[in-house]
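Student: Listed in order, the protein sequences are those of chains A and B.
Here this note's numbering is used: the first sequence runs in plain steps of one and ends on residue 222.
Here this note's numbering is used: the second sequence runs in plain steps of one and ends on residue 222.
If you're looking for bench data, these hints aren't it; they were derived computationally from the structure.
A few of these clues could be false.
Identical copies look the same in the list; a pair holds intra-copy or inter-copy alike.
Stated by the list, open to error - Below, simulated SDA-like cross-link-like pairs (lysine to any residue); rule was C-alpha separation at most 20 Å, straight line:
#, residue 1, residue 2
1, LYS213, ASP23
2, LYS107, GLU55
3, LYS213, MET174
4, LYS107, THR83
5, LYS213, GLU175
6, LYS107, ASP11
7, LYS107, ARG184
8, LYS213, TRP158
Every value quoted in this text rests on a predicted model; they were computed, and no experiment measured them.
Next come the chains, spelled out residue by residue.
Protein chains: 2
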Amino acid sequence: MDIALLGGTGDIGEGLALRWANDSPHDVIVGSRDPDRAETKAEEYVTELDSRGREVTIEGLGNVAAAERADVIIAAVPAYHLTDTVESIADVLEPDDVLVSPAVGMKRDEDGFHYNRPGVGSVTKLAANAAPEAVEVVGAFHNLAAGRLANLDAELDWDTVVVGDDRDAKDTVMELAEAIEGLRALDGGPLANAAEVEAVTPLLINVARHNEKMHDLGVQFR
Amino acid sequence: MDIALLGGTGDIGEGLALRWANDSPHDVIVGSRDPDRAETKAEEYVTELDSRGREVTIEGLGNVAAAERADVIIAAVPAYHLTDTVESIADVLEPDDVLVSPAVGMKRDEDGFHYNRPGVGSVTKLAANAAPEAVEVVGAFHNLAAGRLANLDAELDWDTVVVGDDRDAKDTVMELAEAIEGLRALDGGPLANAAEVEAVTPLLINVARHNEKMHDLGVQFR
């Protein structure tokens, strides 16, 4: 399967790109608004994987070209860029494509990090509203700590809760999630349940800030 | 330490009463609006613990008498009874007492369970607003599945995130939490961070509903 990581040059996008390239047979395409930057980062990822004896091809392309090539498109961009990013690729999305939203909106005050719930209900719903009607939108990968995800020496032991209204699209994303070693995909129900998943991310940051020896946290349901 | 469980006759209160009586040296007092019911349930708990070779004394009292006797008072009542319950015991709370709020407000629709955030910011904050100013309020035990908690045959393997503005009060509650076998207390920072903790509970229910062989879920940060 071809996976495009829009915003694949940083944060969660970098970690997902490295993990899929390392752990799975899927083809990873790094997308960025700046195609040169996408290409540079793609080369970096290839070099890192090569140093681990893993020969892979990773392409770096502009977001539109990346989305056009892929079957599954991960909008790994900050919440405030999400609508723009999805609108910018809307014309090249096909009805069979699956668009995945991992973004979370947060605000920070003197007490800690807080979930900044958009008026439409969730950030995942923002992505769904910006996407063409024929394209299925799935929420996933909201609660993964970018630093640990991008460090291939770090073992993962995390759950990711996947939400969406289309069974097939959700199954596709859950399979992709479980192709990453140490990641378990759990079904969170329809897309309308996204807010409670997104709200876990500021909690993970608050817990990491207030407890010794805890950082880059994820979550497990048990 | 004397722990009063207001609403200790059902749901999360029953589980906490049984666990503390079984696992810790602390004295448990079951509180209820109906003292007779509190006494009946306290006797039930004593009988259950006795059947496990654990001889304990558990008193059952009206909420006010229970709160008056205890050092730590757990308001284990539904969110919509929380303000009333705290107001009803306010006169007997002393400055050294610690009031603990485990309640979560949820609403359910056709998609699943959702966090119903009160206008003041969180349910824990509702408790803080209803308590006398000199009494420290701590949020804890929000994300424990009542069924598994009350089943002493079930091993726990959960975290509970504790929030509050007073270090000593929070430490007291974290120690009480860790006196329950299989429960790890994590510091979530100030009370203003309570909403993100409370919001995990509907997520746990949604995940349990949509995944086979998962029920009575708790959470672990890792």
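Student: As a check of your reading, is LYS213 near TRP158 (CA-CA no more than 20 Å) within one copy, between copies, both or neither?
Tutor: both (17 Å within a copy, 18 Å between copies)
Student: My question is about LYS107 and THR83: at a cut-off of 20 Å on alpha-carbon distance, are they close within one copy, between copies, both, or neither?
Tutor: within (18 Å within a copy, 28 Å between copies)
Student: Within a copy, between copies, both or neither: which one fits LYS213 and ASP23 at a CA-CA cutoff of 20 Å?
Tutor: neither (27 Å within a copy, 27 Å between copies)
Student: What label fits LYS213 with MET174 when the C-alpha limit is 20 Å: within, between, both, or neither?
Tutor: So LYS213 and MET174 pass the 20 Å test across copies only (17 Å; inside, 30 Å).
Student: At 20 Å max between alpha carbons, let me know whether LYS107 reaches ARG184 within a copy, between copies, both or neither.
Tutor: neither (28 Å within a copy, 27 Å between copies)
Student: State whether the alpha carbon distance between LYS107 and ASP11 is at most 20 Å within one copy, between copies, both, or neither.
Tutor: Within one copy, since 17 Å is at most 20 Å while 34 Å is not.
Student: Reference check for the pair LYS213 and GLU175, CA-CA at most 20 Å: within, between, both, or neither?
Tutor: Between copies, since 19 Å is at most 20 Å while 32 Å is not.
Student: Should LYS107 paired with GLU55 be assigned to within, between, both, or neither, using CA atoms and 20 Å as the limit?
Tutor: neither (40 Å within a copy, 50 Å between copies)
Hint violations for this structure: numbers 1, 2, 7, all remaining hints satisfied.
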